[in-house]
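Going down the list, the sequences are from chains A and B.
For what it's worth, our numbering labels the leading residue of the first sequence as 1, then goes sequentially.
For what it's worth, our numbering labels the leading residue of the second sequence as 1, then goes sequentially.
Think of the hints as simulated: they come from the structure by calculation, not from any bench.
Treat the hints with caution; some may be incorrect.
As the list claims (entries may be wrong) - Derived contacts from chain B toward chain A, CB cut-off under 8 Å, selection only:
id, residue
1, V80
2, A106
3, S107
4, A112
5, A178
6, A316
7, G317
Values in this document were obtained by computation on a predicted structure and should not be read as measured data.
Where a beta carbon is used, it is the ideal one built from N, C-alpha and C, also for glycine.
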Amino acid sequence: MLEQIEGSQAVARTVGLCRPAVIAAYPISPQTHIVEKLSDLVRTRELEPCEYLMVESEFGALSACIGASAAGARTYTATSSQGLLFMAEALFNASGLGLPLVMTVANRAIGAPINIWNDHSDAMSMRDSGWVQLYAESNQEAVDLHVQAYRLAESLSLPVMVCMDGFVLTHAVEQVDLPGQDEVDRYLPAFVPQQMLDPDDPVTIGAMVGPEAFTEVKYLMHAKQMQALDEIPRLAAEFAEQFGRSSGGLLSAYRLDDADTVVVALGSMLGTLEDVVDSLRDEGVSVGVLGVKCFRPWPRDEIREALSHARRVVVVEKAFAVGAGGIVGQNLRLALQDLPVEVYDVVAGLGGRAVTRASLRRLLDVLLAGGLDPYELHFLDLDTALVQRELERSRHRVRPGPHAENMLRDLGVVGSGPL
Amino acid sequence: MAFQEIKLYQVGTFVAGNRLLDPEQRSVQARMGRSNSLTSGHRACQGCGEALGARYVLDAAMRATDGKMIAANSTGCLEVFSTPYPESSWQVPWLHSLFGNGPAVASGMAAALKAQGREDIRVVAQAGDGGTVDIGFGTLSGMFERNDDVLFVCYDNQGYMNTGVQRSGATPPAARTANTKPVGGTTGNVFGQGKNLPQIAMAHEIPYVATATVAELRDLEHKVERAMEFRGARYLHVYVPCPLGWGAAPADTIRLARLVKETGIFPVFEAEHGVVTEVSRIRHQVPVEDYLRPQRRYAHLFGDPPRRDLIDRIQAGADRNIARFGLLDDPDTSDLPGARP
Numbered sequence: 001m002l003e004q005i006e007g008s009q010a011v012a013r014t015v016g017l018c019r020p021a022v023i024a025a026y027p028i029s030p031q032t033h034i035v036e037k038l039s040d041l042v043r044t045r046e047l048e049p050c051e052y053l054m055v056e057s058e059f060g061a062l063s064a065c066i067g068a069s070a071a072g073a074r075t076y077t078a079t080s081s082q083g084l085l086f087m088a089e090a091l092f093n094a095s096g097l098g099l100p101l102v103m104t105v106a107n108r109a110i111g112a113p114i115n116i117w118n119d120h121s122d123a124m125s126m127r128d129s130g131w132v133q134l135y136a137e138s139n140q141e142a143v144d145l146h147v148q149a150y151r152l153a154e155s156l157s158l159p160v161m162v163c164m165d166g167f168v169l170t171h172a173v174e175q176v177d178l179p180g181q182d183e184v185d186r187y188l189p190a191f192v193p194q195q196m197l198d199p200d201d202p203v204t205i206g207a208m209v210g211p212e213a214f215t216e217v218k219y220l221m222h223a224k225q226m227q228a229l230d231e232i233p234r235l236a237a238e239f240a241e242q243f244g245r246s247s248g249g250l251l252s253a254y255r256l257d258d259a260d261t262v263v264v265a266l267g268s269m270l271g272t273l274e275d276v277v278d279s280l281r282d283e284g285v286s287v288g289v290l291g292v293k294c295f296r297p298w299p300r301d302e303i304r305e306a307l308s309h310a311r312r313v314v315v316v317e318k319a320f321a322v323g324a325g326g327i328v329g330q331n332l333r334l335a336l337q338d339l340p341v342e343v344y345d346v347v348a349g350l351g352g353r354a355v356t357r358a359s360l361r362r363l364l365d366v367l368l369a370g371g372l373d374p375y376e377l378h379f380l381d382l383d384t385a386l387v388q389r390e391l392e393r394s395r396h397r398v399r400p401g402p403h404a405e406n407m408l409r410d411l412g413v414v415g416s417g418p419l
Numbered sequence: 001m002a003f004q005e006i007k008l009y010q011v012g013t014f015v016a017g018n019r020l021l022d023p024e025q026r027s028v029q030a031r032m033g034r035s036n037s038l039t040s041g042h043r044a045c046q047g048c049g050e051a052l053g054a055r056y057v058l059d060a061a062m063r064a065t066d067g068k069m070i071a072a073n074s075t076g077c078l079e080v081f082s083t084p085y086p087e088s089s090w091q092v093p094w095l096h097s098l099f100g101n102g103p104a105v106a107s108g109m110a111a112a113l114k115a116q117g118r119e120d121i122r123v124v125a126q127a128g129d130g131g132t133v134d135i136g137f138g139t140l141s142g143m144f145e146r147n148d149d150v151l152f153v154c155y156d157n158q159g160y161m162n163t164g165v166q167r168s169g170a171t172p173p174a175a176r177t178a179n180t181k182p183v184g185g186t187t188g189n190v191f192g193q194g195k196n197l198p199q200i201a202m203a204h205e206i207p208y209v210a211t212a213t214v215a216e217l218r219d220l221e222h223k224v225e226r227a228m229e230f231r232g233a234r235y236l237h238v239y240v241p242c243p244l245g246w247g248a249a250p251a252d253t254i255r256l257a258r259l260v261k262e263t264g265i266f267p268v269f270e271a272e273h274g275v276v277t278e279v280s281r282i283r284h285q286v287p288v289e290d291y292l293r294p295q296r297r298y299a300h301l302f303g304d305p306p307r308r309d310l311i312d313r314i315q316a317g318a319d320r321n322i323a324r325f326g327l328l329d330d331p332d333t334s335d336l337p338g339a340r341p
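Please build the complete structure, drawing on both the sequences and the hints.
Here it is in structure tokens:
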């Protein structure tokens, strides 16, 4: 049913349609509206039977989901930013135990400096945790991905996180086609755990494994993740057939077939990029967009195939590996290393800085004019003068307090103007 | 007679009486129907108090729940010595996740069972003192606060024994560990006073809190059975000597567990909804030296000259417990197993 609805509300109602039996969550912005709505659904018994656990931390939330899943319940949690990092230990544990958990990550920057706005630093920092990572472009896709995520998680018995951009999607009110309960039930059968704590058939879960088999166990985890590369397109196709709209999959392509230059991105930035590409196409420039919908497992072969005709690829990503560079960019470079294609890496939109059409257009103009060095790390809209002033200042004068304070003073945002 | 065919396990104080008791009054361990939840053949050290305590707790809980039980276990000695895959010693459905999340995992299990309408299946969670008073403290307090239907059992050996005998928040004052070494030329640092988790649990006003030692195994079994009569959060703190970590003879495990109670250092009691309902009275009060001397972790107290100041401090703590819980009042025999209402 078409509704004008906030992203968080839409996701919460869809999660409800997936019939989780246990929800455990701890509030953190910008995830809060999702779990608030779910607590409502449990209170009004629209979602029943379901136990809603108000836990003492994100670590407790995911841990409770681990216990509940092992006891045979479909479970759900959602988090963001520091909360996801606080879950880190349990994240690796859940995937190692092969538990089919589903979690929404309302993507948000990681402090310090503390910042509640959107980028992908949180989920990207957990890229090696053994969880499948799906990225939604729109609220419609976020809704649809949750239904598919449960199918995927339970068919392979591995945990899946659905990433949606904090505020940009979670707090955006737009039109969303919410599925009906019957439709979801038809697509998503009842949870049948592949391993379970059952007094009639006792098993030991989480035993210690020594060097003789640990590598093999990890290899099998990898093999199972890689199966998701087959399973995700299959489930997406089945979803499209049943629900009448396409969502998810491994990649999305926009005006890609004959594109010399391709922009690669994740999440809500894709829509803006498509607009920019449209205007460039109008001017006769052959540019396209490749959206990465599934970042883990990394669809290397599919990406190579999709970019096989490109001459230039530029990644614009909302994540940054401090001391190294862009995260998606590094993955992409490796995937394309023996192809005759130039790869550029641009970090953008950190801490909620808007990624505008104008900025992206400027970036592509510079790129197309040959003004971008493929071996340098680039930042979209980086205020280099501001950085230089602070660097210069710190060379001459040691002063307690963070750089941010000085730079905000330079900008005239705080204090009495430039030092 | 049938009962004589049963392998006789450690049965604690009343070793002879147990065999002569009416079958219904015997320890779970002496019954044909014992579940052997934690089977023999695991890799615990000789004289391990935790292995002994865990077997009694789990088998008693299995009996109380008619075998309908699942267990969560935090990381620690108990988990490590019982599950070097594929040699699991657990005959109950058992899950180990992490060090600090045993209580939350158990909460999740209880929530799942409730949602499934399977409240006939009960949840028991276990951890050592580190997983309880330190790293697992936040999740445990959350579990208490929500009053989740879990029996949480702490096997307190007063330190991080699995990682090489370091100090935990339950390590008592003046006890030497691998990371409370001499400071300022004095051996054995007085570092803190140990967190009193039974009292912290009581402050949450959960339905049932009890302490026990592995010297009184029938009492331990009784407390497990009593705990399973309640719904909601329950906490059992079991004192389990660690021969390796404490530098004590394996054969002294039971003796030390008895002495810790008879000195007053470890009060043995039950509480319901935050109020003490039963105390196990001291039969023959002994000075704390009798308990401290057999343990190398306290050897620095008995040098030349002895550290009277520290011994007196420990004695004062024991005396406070005796006064606070009335451990010497009423010298009747009501603390004998089987005499409880």
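(message) Could you work out which of the previously given hints the structure breaks and list their numbers from low to high?
(response) The structure conflicts with hints 5, 6 and 7, although it agrees with all the remaining ones.
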